[in-house]
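Chemist: Given next are the chains, with one letter for each unit.
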Amino acid sequence: MTDVSIQVTDLTLRFPVYGVDAKSLKKNLARVTVGGRLGASQTGATEVTALSHLNLNLRAGDRLGLIGHNGSGKTTLLRTLSGAYEPDEGQIEVRGRIAALLDLSLGLDPSATGVDNIRLRGRIAGMSSREIEEKMDEIAEFSGLGPFLAMPMKTYSAGMQARLAFAVATAVEADVLLMDEWISVGDADFQKLAHRRLLNLVERAGILVLSSHDAGLLRLYCNKVMRLDGGVASEVKDIRRLDELLAAA
Amino acid sequence: MESGQHMLRTGRRGTSFEFRMALNDLAASFHRRGLAWSLAWHDVVSRYRGSILGPFWITISMGLMVLGIGLLYGKLFGISVAEFMPHVAMGIVFFGLMSGTINEGCETFVHAASMLSQTALPMFTFVWRTVLRNLINLAHHAVIIVGVIVVFGLWREMSLLPAIGGLLLTVVNLAWISMLVAIASARFRDIPQFVMSVMQFAIFMTPVFWIADAFPDRHAFLTLNPFYHMLTTIRAPLLGQEADGLSYVILAIMAVLGWALTFSVFAITRRRIVHFL
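Those protein sequences? They're chains P and R, same order as listed.
Using the working numbering, the first residue of the first sequence is number 1, and each one after it goes up by one.
Using the working numbering, the first residue of the second sequence is number 250, and each one after it goes up by one.
It is worth saying that the hints were derived from the structure and are not from the lab.
Incorrect hints may have been included.
Said to hold, decoys possible - Below, a sample of chain P positions facing chain R; criterion: calculated Cβ distance under 8 Å:
# : residue
1 : Arg79
2 : Pro87
3 : Gly90
4 : Glu93
5 : Arg95
6 : Leu106
7 : Leu120
8 : Glu134
9 : Met136
As the list claims (entries may be wrong) - Calculated Cβ distances over 12 Å to all of chain R for the following chain P residues:
#  : residue
10 : Arg14
11 : Asp62
12 : Thr75
13 : Thr80
14 : Arg97
15 : Ala100
16 : Lys192
17 : Arg204
Here a beta-carbon is modelled for each residue, glycine too, at the ideal position from N, C-alpha and C.
Kindly produce the complete structure, drawing on both the sequences and the hints.
Modeler: Okay, here's the thing in structure tokens:
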């Protein structure tokens, strides 16, 4: 557990934006006849720099809160930490089992039953079939859905779907937990349960990275905070200086 | 290196490095082969959820087609049903595997967009998912094959081993074609339409509904058609005939060259694919 770490060095990530037109083959073929005249834009893609020269070092016990306006790169950073994107420059090294809880509905199939969805989501999260069967009872119980687990997920209310998704997503054993703001799901009862489960998970995990707009939430879960502005990161500061960072806008 | 305990992503470039990362992806997909299987199985189950016969509906519609075409064309061409029916049955079933794997390949990455953009799952996993899904479907349609083998007494003269060899070669080839169109379709949205047209054209150019006897051996129409080689290496041995050795050779060469091409394309585009989606 002690060698859990996140090491990000000089990370730059650019998104090539392929316009709807640029996806058509005709445009690309047509360009061939024009030859090299288009110069720099020959790749056909405009690039948006989503993260720029970002450095970050986290060790076991660090709970980092990410703040910043919409589009400042918080989710992109989380996704990059999960391993989905390849950096254009720099490097990311993560030691420990990663659990990215970015999208609750990831890999869930509305027409499948609750139990099937637990299995499917568990497999995607990297659990073996046996691990899932071992945890099935615990997940089922926590979701509180009882007999509904045998019914297709599309028959659930939004709150019930969230309960199921939350129960599966948080069943993973993780050293590094990446979360996008989605903490509050379900009714008041469930929120209390969810809160306790999250705290438990966060305590077991070595590192937490949480993106949120909710200052109260950040104070509750995090001990460090970083602000992103247009893909440029501030220094990592102690959570007690959150107001300072928030005001820096 | 990609053990689930340690993840490294770098902006480092260079051809050899890109190839090594592509190999890592391939290795990781084998390491987690159970996932590809689970996803493929789930696809089949969820597509036919609520229906009693499930994938056998396709089997039934294929069976009807086999029956209709077998009887009608047999009459039109003046070929005996015993000769023509097994030929058409195997043609339709195995061509279904080919067109299914290739057509659905177009959606391999496009459908997996949300998973690819927020997890570190290997990209090859989704290629295997498409291939496995089509093999599961084939296993259902095998009922038809077994049917004609029993009804027309083909088991007396068929040779199973060369047919299995042909099937293996075919699947290895289908896999690279499927992956290549998956990458191309992610980038260019015209590709799926194009692929569909080609496969539609191919079904008529390949001796699925007709018998190749009308051509002299190794006619260019047949030799240049990769689907002919795939089909004949599986079908001929099952019909108690012998497939031309040349077909096996061509398939083997195609597999090697095709995978070299596809793997190179993958190595070069790998870091971009997620942005295409």
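Chemist: Once the closest CB in chain R is found, is it more than 12 Å from P:Ala100?
Modeler: violated, 6 Å
Chemist: Could you check if P:Gly90 really has its C-beta closer than 8 Å to a C-beta on chain R?
Modeler: This hint holds: P:Gly90 lies near chain R, its Cβ roughly 5 Å from the closest one there, short of 8 Å.
Chemist: For P:Lys192, is the shortest CB-to-CB distance to chain R above 12 Å, so the non-interface label stands?
Modeler: holds, 28 Å
Chemist: Please check whether the beta-carbon of P:Thr75 is more than 12 Å away from every beta-carbon in chain R.
Modeler: violated, 9 Å
Chemist: Less than 8 Å between beta-carbons is the criterion; does P:Arg95 satisfy it with respect to chain R?
Modeler: holds, 5 Å
Chemist: Would the stated hint for P:Leu120 survive a check requiring a Cβ distance to chain R of less than 8 Å?
Modeler: holds, 6 Å
Chemist: Beyond 12 Å from every chain R Cβ: check whether that's true for P:Arg97.
Modeler: violated, 6 Å
Chemist: Less than 8 Å between beta-carbons is the criterion; does P:Leu106 satisfy it with respect to chain R?
Modeler: At 6 Å from the nearest chain R Cβ, P:Leu106 passes the 8 Å test, so the hint holds.
Chemist: Mind checking the CB of P:Glu134 against every CB in chain R and telling me if the closest is under 8 Å?
Modeler: violated, 16 Å
Chemist: Quick check on the hint: P:Arg79 CB to chain R CB, less than 8 Å?
Modeler: holds, 5 Å
Chemist: Would you check whether the claim that P:Asp62 is not at the interface survives, using Cβ distances to chain R and the 12 Å cut-off?
Modeler: holds, 17 Å
Chemist: Answer holds if the nearest beta-carbon of chain R is closer than 8 Å to that of P:Glu93; otherwise answer violated.
Modeler: holds, 5 Å
Checked against the numbered hints above, the structure breaks hints 8, 9, 10, 12, 13, 14, 15 and satisfies the rest.
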